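Q: What follows is each chain in one-letter form.
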Amino acid sequence: MRAFTYERASSPAAAATAAARNPEAKFIAGGTNLLDLMKLEIETPTHLVDVNGLKLDTIEATPDGGLRIGALVRNTALAADESVRRDYGVLSRALLAGASGQLRNRATTAGNLLQRTRCPYFYDTAQPCNKRQPGSGCSALGGFSRQLGVIGVSDACIATHPSDMAVAMRALDAMVETVKADASTRTIPIAELHRSPGSTPHLETTLAPGELITAVTLPKPIGGTQIYRKVRDRASYAFALVSVAAIVQRDGSGRISLGGIAPKPWRVEAAERELPRGAKAAAAAMLDGARPTPENAFKLPLVERTLGAVLSEARA
Amino acid sequence: MPNPGDLEWNRRDLMVAAGTCAALPVIGEGAYSQPTPVGTPVLNDVSFEVNGEQRTLAIDTRTTLLDALREHLHLTGTKKGCDHGQCGACTVIVDGQRLNSCLTLAVMHQGSSVTTIEGLGTADKLHPMQAAFIKHDGFQCGYCTPGQICSGVAMLDEIKAGIPSHATVDLTAAAAVTEAEIRERMSGNICRCGAYSNIVEAVTEVAGRQG
Numbered sequence: 001m002r003a004f005t006y007e008r009a010s011s012p013a014a015a016a017t018a019a020a021r022n023p024e025a026k027f028i029a030g031g032t033n034l035l036d037l038m039k040l041e042i043e044t045p046t047h048l049v050d051v052n053g054l055k056l057d058t059i060e061a062t063p064d065g066g067l068r069i070g071a072l073v074r075n076t077a078l079a080a081d082e083s084v085r086r087d088y089g090v091l092s093r094a095l096l097a098g099a100s101g102q103l104r105n106r107a108t109t110a111g112n113l114l115q116r117t118r119c120p121y122f123y124d125t126a127q128p129c130n131k132r133q134p135g136s137g138c139s140a141l142g143g144f145s146r147q148l149g150v151i152g153v154s155d156a157c158i159a160t161h162p163s164d165m166a167v168a169m170r171a172l173d174a175m176v177e178t179v180k181a182d183a184s185t186r187t188i189p190i191a192e193l194h195r196s197p198g199s200t201p202h203l204e205t206t207l208a209p210g211e212l213i214t215a216v217t218l219p220k221p222i223g224g225t226q227i228y229r230k231v232r233d234r235a236s237y238a239f240a241l242v243s244v245a246a247i248v249q250r251d252g253s254g255r256i257s258l259g260g261i262a263p264k265p266w267r268v269e270a271a272e273r274e275l276p277r278g279a280k281a282a283a284a285a286m287l288d289g290a291r292p293t294p295e296n297a298f299k300l301p302l303v304e305r306t307l308g309a310v311l312s313e314a315r316a
Numbered sequence: 001m002p003n004p005g006d007l008e009w010n011r012r013d014l015m016v017a018a019g020t021c022a023a024l025p026v027i028g029e030g031a032y033s034q035p036t037p038v039g040t041p042v043l044n045d046v047s048f049e050v051n052g053e054q055r056t057l058a059i060d061t062r063t064t065l066l067d068a069l070r071e072h073l074h075l076t077g078t079k080k081g082c083d084h085g086q087c088g089a090c091t092v093i094v095d096g097q098r099l100n101s102c103l104t105l106a107v108m109h110q111g112s113s114v115t116t117i118e119g120l121g122t123a124d125k126l127h128p129m130q131a132a133f134i135k136h137d138g139f140q141c142g143y144c145t146p147g148q149i150c151s152g153v154a155m156l157d158e159i160k161a162g163i164p165s166h167a168t169v170d171l172t173a174a175a176a177v178t179e180a181e182i183r184e185r186m187s188g189n190i191c192r193c194g195a196y197s198n199i200v201e202a203v204t205e206v207a208g209r210q211g
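Top to bottom, those sequences are chains A and B. Per UniProt numbering, residue 1 is the first one in the first sequence, and the count goes up by one each step. Per UniProt numbering, residue 1 is the first one in the second sequence, and the count goes up by one each step.
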């Protein structure tokens with residue numbers, strides 16, 4: 001690990017200022033992803049801004065009947081929150097499907113959104129990777145790509161976003177609140193937080209340098225049957241091959257977001273019109289434009305079948 | 001060199017000596033490419049409680065909580081397995097919650113209260129979870145065991161606190177202590193020897209006694 005200086009931030013704006021001042025600075029909260037990457041020298045910050053002391057760890061109701069989740073709320077606490085379990089079950093289920101008890105106790109809401117891909121070539125510093133080293137090439141395209149993306153990918157990168165939580169938040173139309181170094185704040189729809197890789201897969205989000213996520217808000221509950229189904233190589237403690245976050249209403253309408261297949265939570269609102277016609281039609285519409293590798297083409301029928309199982313469960 | 005016949009020569013000492021011997025030929029050999037400069041080490045002060053005792057360290061910012069416990073405080077009960085949060089051997093309890101001590105920095109724990117396997121029980125007065133692991137033979141080589149035990153203790157507290165899991169059938173009801181719940185909640189602790197069924201029995205017995 002490279003040496004770095006360390007400070008504890010005193011306020012969100014001060015944290016943003018400290019991070020914006022040094023292009024090689026990083027925020028650290030749970031640290032469960034960042035420290036892993038620092039040990040491998042994939043991330044090499046020269047300065048860490050510890051945001052754990054900021055009072056961003058509460059969950060509270062918003063005036064419009066929604067929920068405001070502080071950026072530092074741990075994944076365990078969010079999954080266990082009474083109103084999340086009651087009104088946003090898909091979020092609780094998604095969180096509980098991810099990582100391990102130990103990791104969920106540390107991992108934060110904002111950190112989960114910003115975690116980096118688990119593409120094996122991103123992790124292997126002996127291999128070219130456009131995300132890790134821009135312009136070096138993509139080893140995954142002709143390599144072992146079973147776990148990797150099938151849609152929304154580019155010639156430069158087929159990595160997936162590994163989060164389960166974000167997939168549920170995408171279905172719930174979450175909004176991401178931030179503060180910048182100049183103390184200005186803004187709210188970003190979660191659909192606009194993660195970038196498509198294009199020719200610059202190292203640029204993963206639309207956040208400005210030093211911009212700090214302070215909260216995630218959820219609109220008021222929309223009811224429905226909420227399901228998160230994750231298909232993976234082990235029964236627990238593994239990343240998704242395919243996951244489906246679903247909110248299905250009694251009339252058969254609903255919202256679907258997919259994980260494990262794209263560089264961001266994958267939701268195609270127009271495709272949701274097909275839901276009453278069944279999983280085959282809806283999956284086809286959601287996966288229009290997919291470009292899988294021979295190794296991960298199985299994910300296309302797997303999406304359709306997982307969605308089929310979810311819709312059956314919702315109707316039961 | 002210690003006397004080879006000295007029975008006080010324990011496994012820890014042996015491992016340290018073996019590591020030193022193995023490292024020696026590498027130094028000065030130049031067979032490996034020049035390592036990249038890592039920058040000047042930065043020392044920070046941090047103070048936290050470990051097993052009820054206040055400890056203060058002036059420590060390289062890069063030091064994980066795991067390395068602080070093992071290398072600086074010589075509490076070697078906590079094990080380093082993968083060092084990447086994948087195996088759970090380094091699990092300790094911080095402020096009542098289990099975590100992977102390899103994936104958190106010591107300097108991030110100013111004012112924290114840390115409990116390691118050494119703080120759970122002693123050879124004379126075992127923690128009920130330690131006793132249950134022995135009774136049910138919940139280990140073979142024992143390397144994952146301190147992490148398994150810390151995880152098991154904190155995990156039962158999580159169930160008591162009403163935290164659900166992937167195995168919880170009804171999110172709006174309290175989780176039951178079933179085998180499926182225990183297996184799911186312990187999935188962050190890998191046992192290379194495969195002692196899982198006995199580990200589940202040990203945890204189940206302690207859960208039953210608490211219930």
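Source of the hints: derived by calculation from the structure; they are not laboratory data. If you're wondering where the values come from, they're calculated on a predicted model, not measured in any experiment. In this text, a Cβ means the ideal position worked out from N, Cα and C, and glycines have one as well. Keep in mind that a hint or two might mislead.
[Stated by the list, open to error] Simulated pairs of lysine to aspartate or glutamate, DMTMM-like, Cα-Cα distance not exceeding 25 angstroms: (1) B:K160 to A:D50; (2) A:K26 to A:D64; (3) B:K160 to A:E43; (4) A:K220 to A:E43; (5) A:K39 to B:D60; (6) A:K26 to B:D170; (7) A:K55 to B:E49; (8) B:K80 to A:E43.
[Unchecked claim] Pairwise CB distance ranges (calculated): (9) A:R234 to B:D157: 41 to 49 angstroms; (10) A:R234 to B:D137: 39 to 47 angstroms; (11) A:R273 to B:C141: 53 to 61 angstroms; (12) B:T172 to A:S199: 42 to 50 angstroms; (13) B:A58 to A:A61: 21 to 29 angstroms.
Q: The structure should be examined with respect to each hint, and the outcome stated for every one.
A: Hints versus structure:
1. B:K160 to A:D50: 31 angstroms, violated
2. A:K26 to A:D64: This hinted pair is violated, its Cα atoms lying about 34 angstroms apart.
3. B:K160 to A:E43: 38 angstroms, violated
4. A:K220 to A:E43: 37 angstroms, violated
5. A:K39 to B:D60: 14 angstroms, holds
6. A:K26 to B:D170: 39 angstroms, violated
7. A:K55 to B:E49: 23 angstroms, holds
8. B:K80 to A:E43: Status holds; Cα separation ~22 angstroms.
9. A:R234 to B:D157: 41 to 49 angstroms: Given range 41 to 49 angstroms: violated, Cβ gap about 25 angstroms.
10. A:R234 to B:D137: 39 to 47 angstroms: 25 angstroms, violated
11. A:R273 to B:C141: 53 to 61 angstroms: 57 angstroms, holds
12. B:T172 to A:S199: 42 to 50 angstroms: 47 angstroms, holds
13. B:A58 to A:A61: 21 to 29 angstroms: 45 angstroms, violated
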